[in-house]
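Participant: Respectively, the protein sequence lines represent chains A and B.
Each position in the first sequence, counted from 1, maps to that position plus 188 in my numbering.
Each position in the second sequence, counted from 1, maps to that position plus 711 in my numbering.
Because the hints were derived from the structure by calculation, they are not lab data.
Everything numeric in this text was worked out from a predicted model, so none of it was measured.
Treat each hint with caution, since some may be false.
[Stated by the list, open to error] Residues from chain B shown here face chain A by an in silico Cβ test under 7 Å; the list is partial:
(1) G739
(2) H740
(3) L750
(4) P754
(5) G767
(6) F771
(7) P773
(8) P806
(9) L808
(10) E812
(11) F815
(12) G816
Backbone N, C-alpha and C define an ideal beta-carbon position, used for all residues, glycine too.
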Amino acid sequence: QQQVKQSPQSLIVQKGGISIINCAYENTAFDYFPWYQQFPGKGPALLIAIRPDVSEKKEGRFTISFNKSAKQFSLHIMDSQPGDSATYFCAALDNAGNMLTFGGGTRLMVKP
Amino acid sequence: ETGVTQSPTHLIKTRGQQVTLRCSSQSGHNTVSWYQQALGQGPQFIFQYYREEENGRGNFPPRFSGLQFPNYSSELNVNALELDDSALYLCASRPGLAPHEQFFGPGTRLTVL
Chain A
189 QQQVKQSPQS LIVQKGGISI INCAYENTAF DYFPWYQQFP GKGPALLIAI RPDVSEKKEG
249 RFTISFNKSA KQFSLHIMDS QPGDSATYFC AALDNAGNML TFGGGTRLMV KP
Chain B
712 ETGVTQSPTH LIKTRGQQVT LRCSSQSGHN TVSWYQQALG QGPQFIFQYY REEENGRGNF
772 PPRFSGLQFP NYSSELNVNA LELDDSALYL CASRPGLAPH EQFFGPGTRL TVL
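Pulled out of the complex, with its shape left as it was, chain B reads as follows (with noise of 0.2 Å):
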């Protein structure tokens, strides 16, 4: 049983580009989340996957933006990046919506010059 990769592990873009980040759940997990960590401070909740469709946004502008597959792997895109969009983005995943250990990926690290 794998757990939950990430990739690209880091990635360098500058302002106005746009970039999408790939996730692979655990096995069995269809409930997928991703979060935005800035340097120094706990991850903010940028918006949860169940069974392919979105059900729970945080306080993210709607350049976010995110797929789920059948698979239950899952992208997080960003257009038109800002300087403060640079974070580590961490993906999580769990098996259901029910209160449950989610299982985070090493994240990948964005730069954004």
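Excised from the complex, chain A in its bound form (with noise of 0.2 Å):
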């Protein structure tokens, strides 16, 4: 059972351009969202978090969205750079602090 819910699976961006990459749950329970980066031969890093009570998180160039009515968050990179490339994961951890559930993934490529 998928409880987070991704897209797109691709996307390809010009260098310089905006990507953003969404996610939707369906448990009311999750109550931290993280995303993660993931470079090929590496275990996922985290990018940055926000918790529901946030309607907005800005850290550099990443700035997630949340809209805890509609249940979705998304993911938005600014000024999207070559070194950007990876695999990005949206994620949700239960308020039980058990079990962190990943969304299915996005890579992304950014063109020079």
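Taking the hints as your guide, dock the two standalone chains into a single complex.
Facilitator: See the structure below:
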């Protein structure tokens, strides 16, 4: 059962453009929503995270937008760079802190 | 301060065999989680250990088992290996159970033939 749905599966963006990845969840017990970046052969690394009491969080070129009523959240990467080319995963942690549920991933390619 | 380390890096087994994967958590982290990541998919939660006890489990059969040691390092054991067990196995650690950054290791690539 996929409780976190992520789209698109792949994304091609020109250098300097905006990359947007969307996620939707079903379980209202989720209360922590991180985004991870994964390069080939590496484990996922935390990029940015948000809690549901905040509608937006920005760190550098990365912004999470969160819509609690719609149970959706998205990652925006401003001024996308070729070095941003990686697979991105949204995730959600339940309020018991037991289980991190990941989306299916988005493979981002930023063309120079 | 060292990060999360996993061993071995790669492993090849045959169907029906047993395997043990190891994880050393980051210093000060008493919570360790294990994930299975099939090729092209997101990581799937297997189970979590907090202070040497399992306190959460995903939808994996009992042949997936684990241990956490007093130094908070951990093992993942898989019995009766099946072809579908071929995947990248990731270990992640964090301090406590509260929502906090989970630090992932590089993973162990398991191939079952």
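Participant: Each of the hints needs a verdict: does it hold here or not?
Facilitator: Status of each hint after checking the structure:
1. G739: violated, 17 Å
2. H740: violated, 13 Å
3. L750: With Cβ-Cβ at 11 Å, over 7 Å, it is violated.
4. P754: holds, 5 Å
5. G767: holds, 3 Å
6. F771: violated, 12 Å
7. P773: violated, 18 Å
8. P806: Check failed: Cβ of B:P806 comes no nearer than 11 Å to chain A, outside 7 Å.
9. L808: holds, 4 Å
10. E812: Hint on B:E812: holds, closest Cβ of chain A at ~5 Å, below 7 Å.
11. F815: holds, 3 Å
12. G816: With a closest approach of 5 Å, the B:G816 hint holds.
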